[in-house]
Amino acid sequence: MRPDGPRDPTAGPDSGPSPPYPLRLNGKVIKGFGRGSEELGIPTANIPVTGLSVGGHEDIESGVYYGYAGLSASPATGSKPNIYPMVMSIGWNPFYKNTVRSVEVHLLHKFDQDFYGSHMNLVILGFIRPEYDYVSLDSLVEDIREDIEVGKRSMDRNAYADFRQDPYLLEFEGRTEVGE
79 MRPDGPRDPT AGPDSGPSPP YPLRLNGKVI KGFGRGSEEL GIPTANIPVT GLSVGGHEDI
139 ESGVYYGYAG LSASPATGSK PNIYPMVMSI GWNPFYKNTV RSVEVHLLHK FDQDFYGSHM
199 NLVILGFIRP EYDYVSLDSL VEDIREDIEV GKRSMDRNAY ADFRQDPYLL EFEGRTEVGE
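Heads up: the sequence shown runs through residues 79 to 258, numbered per the numbering used here.
These aren't lab readings, by the way, just hints derived from the structure by calculation.
Cβ atoms here follow ideal geometry from the backbone N, Cα and C, with glycine treated the same way.
You can take every hint at face value.
Between beta-carbon pairs, the in silico distance windows are:
| hint | residue 1 | residue 2 | range |
| --- | --- | --- | --- |
| 1 | Ser157 | Gly83 | 43 to 49 Å |
| 2 | Ser96 | Phe189 | 30 to 36 Å |
| 3 | His187 | Pro98 | 24 to 30 Å |
| 4 | Pro81 | Trp170 | 17 to 23 Å |
| 5 | Glu227 | Lys158 | 25 to 31 Å |
| 6 | Pro208 | Ala151 | 31 to 37 Å |
| 7 | Phe189 | Ser93 | 31 to 37 Å |
| 8 | Gly83 | Leu215 | 20 to 26 Å |
| 9 | Glu227 | Phe189 | 18 to 24 Å |
| 10 | Pro84 | Leu215 | 21 to 27 Å |
| 11 | Asp192 | Asp240 | 25 to 31 Å |
| 12 | Ser93 | Glu224 | 19 to 25 Å |
| 13 | Ser157 | Pro97 | 35 to 41 Å |
| 14 | Pro97 | Glu251 | 24 to 30 Å |
Construct all of the structure, not just a fragment, from the sequences and the given hints.
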């Protein structure tokens, strides 16, 4: 259950990411549960992760994070690699009672077509909030929309915006299908 009261407008210190951030993760975009677009109206790109080690951290907390995503060339990206701000969920999604942990990335961009099979590189810059269970779909969607706004405001700060230029985001050669 999420706590009552106002949420912080940004996440992370104004001076920029502090350890363990930034974290790096990558993988091939696969089909997920199909709930992001259809049920929530918030499309997500899912990547497979074996053992869920994120940037070498096997104990990463379930919750919502923000940062940047590099997406390999596809018709959806105008046939060239591109970088997008993102918010992502790592967790069990207790509202849906998932039995496996997942990585679901919401790119802050409107795409005209899907990009399954593309490769995605992530630079995770900070933690927005822990994973909560929800009493209704509406309260879940409301929190996700606020997560998006917190992520946007957080990345608008100079110390975070600079990570949009991280070369890792566009390094796709030799990447495997499973997240690493």
